[in-house]
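J.: What follows is the residue order along each chain.
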Amino acid sequence: MKAVFIRDVTLAFRAGGGFGLALAFFLIVVILVPFGIGPDRAILARIAPGILWVAALLACLLSLDRIFALDYEDGSLPLLATSPLPLEGLVLAKSAAHMVVTGLPLTIAAPALGFLLNMQAGAYPWLVVSLAIGTPALSMIGAFGAALTVGLRRGGLLLSLLVLPLYVPTLIFGADLVRRGADGLSVTVPLMMLSVITLGAVALMPFAAAAVLRINLR
Amino acid sequence: MSIWEYANPKKFSATVTPIIPWAFALGLGGLAVGLIWGFFFTPDDYRQGATVKIIYLHVPSAFLAINAWLMMLVTSLIWVVRRHHVSALAAKAAAPVGVVMTVMALATGAIWGQPIWGTWWAWDPRLTSFLILFLFYLGYIALWEAIPDPDTAADLTSILCIVGSVFALLSRYAAVYWAQGLHQPASLSLDAEENVADVFWQPLVLCMVAFGILFVALVLLRTRTEIAKRRIAALEARARRSEVRV
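Protein chains in written order, with my numbering: chain A, 1 to 218; chain B, 1 to 246.
Since the hints were made in silico from the structure, they are not lab data. Where a beta carbon is used, it is the ideal one built from N, C-alpha and C, also for glycine. Please note that the accuracy of each hint is not assured.
Unchecked claim - Stretch-level coverage of chain A by chain B, calculated; a stretch enters the list once three of its residues show a Cβ under 8 Å from a Cβ in chain B:
#1 144 to 152
#2 156 to 163
#3 168 to 180
#4 186 to 200
#5 207 to 218
To be verified - Per label pair, the in silico range of CB-to-CB distance:
#6 A/Pro125 - B/Gly118: 39 to 47 Å
#7 B/Arg82 - A/Pro84: 57 to 65 Å
#8 B/Phe41 - A/Ile43: 46 to 54 Å
#9 A/Arg14 - B/Ala234: 16 to 24 Å
#10 B/Gly118 - A/Thr188: 20 to 28 Å
#11 B/Tyr177 - A/Ile28: 43 to 51 Å
#12 B/Trp117 - A/Ile43: 40 to 48 Å
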């Protein structure tokens, strides 16, 4: 499991693409928003938490198909599947690698982009906390979608259609956590719900994704 | 005699073929009676006027939009556990009917909402849940269409349906938390103290039953068609094989 994890992370860093691309996409989406909305600082401050969360979600989505598709194409996925490592463990390792490569940089970069959107000072710690808790769920749910579409030639668009509805609860609680943080309200409920979603996804999604992978590798 | 006998596609087709025309006649007839009764023989609501009559389309379609998904969930579970092909095909057959019901509930709701709430759309928990349900239906149908091998498609869509159900439920409660609503709470519950008045209630229940029968008829018909399509594909494959051999 550790070897798969390290292999995936190294591949993402060295072979280029995956790592920088998601971050650049995140940056561009956030920069485009003021062009669409107008430079009114009050409006930007109000929508900043939601925009940052939606942009992070889209950036995460962008790199999802890399979790399994590359290994499927060069034939290493069936080899990994027949190794002694259970398929559930493989899914977990690969989604953890996706999280480190995509979710973690987004979490670290998000506060810097918060300045661009004139986000309120109180929201910054909660933005980092919510993304740190929420992105594992995004990676786990996304791994399920990636496993569903792994055998398909043009799976990319279908993948977004399948995964985006599954992201709704995470987005609602994640963005609400930041918004409440910005307004100085109590954040207990969204914080707990977001944690519940992440823990549930980490605990259960590997089984769903592994079941789907078994079907696709049949 | 058990219900699993109908897992045999031939037996299923033979049984449902005589039922389908009767189900259509009963469903359409019931719907005609219910709608005419509702549209012309009930009084206007004292606040909403004639606008209230859209209830005879709105409530049954919303009711079926959810129940079609539930039916897909049950048939998907049966497919995953017992691998009966008819079950998987029934789930496939129900999805487009379900999506039409969802769109109808959303559209009639918008038409109803415009004069009464003054807006076509509000980000109300119920409306939002239905919109998300619509997206789930779309993803489910798209996945069926995308995979060429029927057994793989059945397996993958079943798991998507099961996982999707969990997330649809989660989204529904997340949406309740996220926004305050304009939509009234359920007004047809058996345990509620105050329900819709009897004059409106009777044709409404008739419409719901008729919609239900119509849904059954459509799903049976579509399942039978899917079975026939599967058989044609098998026969064609066999014909191609024998050609190659000759």
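J.: Now tell me if each hint is right for this structure.
T.: Results of checking the hints against the structure:
Residues of the region 144 to 152 of chain A lying with their CB closer than 8 Å to a CB of chain B number 5, which satisfies the three-residue condition for coverage. Requiring three or more residues with a Cβ within less than 8 Å of a Cβ of chain B, the coverage given for the region 156 to 163 of chain A holds, as 3 such residues are present. A stretch counts as covered by a chain when three or more of its residues have a beta carbon under 8 Å from one of that chain; for the region 168 to 180 of chain A and chain B the count is 5, and the coverage holds. With 3 residues carrying a beta carbon less than 8 Å from a beta carbon of chain B, the region 186 to 200 of chain A meets the three-residue requirement, and the given coverage holds.
With 6 residues bearing a CB less than 8 Å from a CB of chain B, the region 207 to 218 of chain A meets the requirement of three and the coverage assertion stands. One distance hint, 39 to 47 Å for the beta-carbon pair proline 125 of chain A and glycine 118 of chain B, holds here, with the actual separation near 40 Å. The supplied range of 57 to 65 Å is broken by arginine 82 of chain B and proline 84 of chain A, whose beta-carbon atoms lie about 31 Å from each other. In this structure, phenylalanine 41 of chain B and isoleucine 43 of chain A meet the distance hint of 46 to 54 Å, their C-beta atoms being roughly 52 Å apart.
The hint said 16 to 24 Å for the Cβ distance between arginine 14 of chain A and alanine 234 of chain B, and at roughly 48 Å that hint is violated. For the hinted restraint 20 to 28 Å between glycine 118 of chain B and threonine 188 of chain A, the CB-CB distance of approximately 35 Å leaves it violated. For the pair tyrosine 177 of chain B and isoleucine 28 of chain A, the supplied restraint of 43 to 51 Å is violated, since their beta-carbon distance comes to about 31 Å. Hint check: tryptophan 117 of chain B to isoleucine 43 of chain A, Cβ distance near 26 Å, so the stated range 40 to 48 Å is violated.
In summary, the structure is inconsistent with hints 7, 9, 10, 11, 12 from the numbered list given earlier, while agreeing with the others.
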